[in-house]
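Protein chains in written order, with this note's numbering: chain V, 1 to 510; chain X, 1 to 301.
It should be emphasised that the hints constitute simulated quantities derived from the structure, not laboratory data. Among these hints, one or two may not hold up.
To be verified - Below, in silico cross-link-like pairs of lysine-lysine (DSSO-like), each with a Cα-Cα straight-line distance of 27 Å or less:
#1 104/X / 89/X
#2 104/X / 13/V
#3 138/X / 89/X
#4 89/X / 13/V
#5 13/V / 299/X
#6 138/X / 104/X
Stated by the list, open to error - Residues from chain X that keep clear of chain V, each with C-beta distances beyond 10 Å, as calculated:
#7 89
#8 170
#9 220
#10 228
Bear in mind that the values here come from a model prediction, so they are computed numbers and not experimental data. All C-beta atoms, glycine included, are put in the ideal place defined by N, C-alpha and C.
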Amino acid sequence: MSHLFHIFHIFRKDLRRYWPYILALSCLTAVQAALYGRLHLDFAGFTTGSDRARHILESALGFGWPFLAAVVIYEDSLPGSTQDWLFRPIGWRKLLAAKCLFVLIAVVLPNIIADACSVALLGLDPFEYLPGLLARHALRVAGLLLPVLAVATLTTGIPQGVVAIVAIVAVQGILSTLVESSSDLMGGFEWLRFMSFYAVVAVFCLAIVIRQYATRLTTQHRPALALGCILVFFVPTRFPASVAGLAQRALAPQASSPVRVEFDSIRTGPMAGAIPSPIFRGTNVVYLPIRFDGMPAGLQARVHRVTVELQTPEGQRWASTPTRPVYQGQDGTGSWLAVHLPKEFFERHGSERIRGSARLAVALYSASTPATVIAGSPPVRISGIGLCGATPGARHAARTIFAWCAQPFQQPRHLVMTVTPAGAPVPGVVRSTGSTNLFNPLPADFDFDPISVARVIFAPADSEYTFDAGVLPAGSKLDGAKVTITQLTPVSLADVTLVIPDIVLRDHSI
Amino acid sequence: MTTGPAIRTSDLEKRFGRNRVLRGLDLEIAPGSIYALVGANGAGKTTTLKILLNLIRPTSGQSSILGVESRRITPAQLARVGYVSENMKLPEWMRMDAFLAYLKPFYPTWDDALAAELVQLLDLPVGRRLSELSRGMKMKAALVSALAFHPSVLILDEPFSGLDPMVRDDLITAVLDRAGETTILISSHDLAEIESFASHVGYLDEGRLRFSEEMASLSLRFREVEVALDAPPALPAGWPETWLRPETSSALVRFVESRYDPQRTEADVRRLFPAARRVEANPMPLRAIFVTLARSARKAA
């Protein structure tokens with residue numbers, strides 16, 4: 001009982017010291033929350049003239065809250081031997097608990113409330129999104145506050161702390177210029193890089209904080225922190241793709257009736273509408289027609305990673321790095337697997353009969369009940385997704401529809417949006433927003449803005465804004481167009497082998 | 001309750017890099033005593049006190065306070081130990097009364113009446129922030145916070161350094177009022193004040209404890225001896241090691257006897273100076289003893 005009382009007693013002392021600071025930051029955070037709420041409500045996610053005020057606030061608060069967490073540590077600092085608390089009967093556990101309580105109540109809680117208010121301003125119920133809200137703040141504690149606390153426990157005050165943080169940022173900057181990041185795709189599990197980074201940072205910083213409070217061996221812990229800052233850089237940049245396979249097996253239920261992927265020999269020639277891209281200079285792209293069989297009823301398949309291996313008649317092999325090149329043909333004829341072959345390999349073997357295989361990580365998704373919004377009508381709250389709307393005239397062009405969903409606390413989820421212009425026959429034109437958050441248990445967003453927006457542009461074929469847009473029939477009537485929104489939720493993941501029969505590469509190249 | 005020494009160190013060593021600050025310090029302080037740890041700057045006094053309170057770690061050796069090894073000292077033991085240092089950093093943003101109110105819950109034996117009495121005795125302005133107090137006032141505030149819970153041990157690190165005589169008197173009065181119920185360990189250069197109330201004294205020199213004994217026996221042990229002769233003297237061979245800082249003038253020899261015994265010292269003087277006309281042995285103040293020891297040690301080094 002007295003332990004709890006002492007913890008609360010120290011907490012109250014810090015609160016009495018810093019309440020004006022907390023109040024000022026809370027007021028600014030409230031303004032920011034209002035700005036975020038208004039931004040998404042008024043402009044449907046477009047950046048506006050209020051951006052400058054928003055960025056100033058984000059910078060001030062992005063610095064202010066961690067600063068508050070640091071100064072409360074400095075209030076009873078750890079390095080040195082002259083601080084009053086050291087020779088008082090205040091155990092390190094009580095002191096640490098009191099500081100943690102302060103960070104949770106005075107730093108984290110106001111931000112949680114502000115985020116909840118931003119969502120409420122959109123007319124959404126924050127409690128419906130509570131797991132995402134808590135996950136978002138767990139990530140912010142792990143990735144931002146714990147490193148600041150670790151630095152604060154090892155430094156004597158703000159000047160030394162600022163020098164340490166500048167040094168850490170500089171080291172990370174230098175490493176990022178020296179070390180090339182691994183670009184291996186991990187089949188929808190790219191989030192592992194960053195989540196493992198946050199996890200390692202959190203565990204490491206927590207260990208530093210606890211050890212420092214327990215022992216105050218500052219001269220040992222400072223080099224440990226410096227070394228940790230260097231090593232932790234390699235977690236996301238050198239994350240082994242093989243670990244993604246383990247995570248897939250651990251986190252994703254394997255499909256009960258495995259999907260088969262087969263080479264579709266009925267379709268020939270390259271994918272209609274495919275054009276050479278300057279991005280892939282030095283390669284030749286071969287589009288292989290593929291077909292998904294054995295699909296369980298009501299589910300849709302998405303490919304998240306492909307590895308292709310080809311073998312020439314002479315036995316020469318070529319294997320791709322993991323990529324994600326499966327496209328839906330624009331003519332609605334089916335799926336195509338794009339293989340980027342080195343020019344040299346293509347020139348030598350393009351006319352030979354080549355066989356091979358591909359490994360595809362295929363995720364199956366269940367689709368939510370479709371919800372409909374009408375272009376030009378007020379946004380609609382869609383349970384489980386957020387606030388969705390369709391705004392004609394986006395990009396300052398009257399001949400477009402901007403379909404969007406504001407989703408609280410999460411990176412944009414996998415949504416399928418289908419636009420049917422007023423008076424046009426169904427089915428309409430389909431576009432989807434992607435997600436690399438497959439089976440992520442904490443798909444939270446680390447951004448300042450608690451609301452992320454998934455956006456898709458649709459434009460009639462006779463519009464000048466068709467680039468990267470879902471192309472509607474020329475002359476489509478946009479006002480009153482019906483936008484159907486469906487959320488795809490992954491239910492299983494399976495590694496599927498595609499057997500590539502004897503093919504001539506040139507037959508499928510553009 | 002501990003029955004042994006209130007404070008003990010055994011073969012205590014402390015190095016800061018290549019600098020050896022403590023060299024096998026052995027120290028015992030009996031419960032209820034007022035122990036003055038004296039020594040020149042850099043002798044290792046503050047380091048010793050900080051090791052006792054587990055504020056810093058020794059390189060080797062052991063130290064204990066109230067029967068508990070310093071490294072294992074817990075909040076329960078710290079609730080019985082008061083500490084005041086010239087370098088301590090108080091929470092200066094607090095008002096004096098808020099500071100005492102903040103500390104009170106941590107000390108089961110906190111005595112509000114005693115705290116109020118001490119505040120009044122030391123004439124502390126309770127409504128002012130600690131940052132607004134003078135250095136002397138801050139020391140008084142620290143002393144109140146260290147005495148208000150009836151500590152079993154009170155450790156004072158250079159508490160009088162740089163303070164005016166009035167403040168010193170106030171502090172000494174406050175400390176002396178607690179004598180008896182509290183074992184007091186005080187490190188100080190202010191030998192004149194210490195002499196007036198210390199029951200024991202230890203002399204620390206370059207990390208070594210040169211002596212540690214009761215103040216009364218120290219006063220008895222040291223004498224300034226003056227030998228009057230008829231002719232200009234020369235220091236004889238066989239000069240005793242316990243005779244420190246010999247000085248000669250036209251017909252006088254002066255030295256400090258550090259193992260004074262009336263009969264033996266007189267006999268030794270007569271043996272070495274058969275022509276001595278007069279031999280006088282005068283008591284020495286602590287300051288003079290300290291200076292003698294410090295200079296002798298420096299000369300020996």
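Against the structure, the hints:
{"no.": "1", "hint": "104/X / 89/X", "verdict": "holds (18 Å)"}
{"no.": "2", "hint": "104/X / 13/V", "verdict": "holds (13 Å)"}
{"no.": "3", "hint": "138/X / 89/X", "verdict": "holds (10 Å)"}
{"no.": "4", "hint": "89/X / 13/V", "verdict": "holds (16 Å)"}
{"no.": "5", "hint": "13/V / 299/X", "verdict": "violated (53 Å)"}
{"no.": "6", "hint": "138/X / 104/X", "verdict": "holds (18 Å)"}
{"no.": "7", "hint": "89", "verdict": "violated (5 Å)"}
{"no.": "8", "hint": "170", "verdict": "holds (21 Å)"}
{"no.": "9", "hint": "220", "verdict": "holds (36 Å)"}
{"no.": "10", "hint": "228", "verdict": "holds (53 Å)"}
Taken one by one, the earlier hints fail for this structure at numbers 5 and 7, listed in ascending order.
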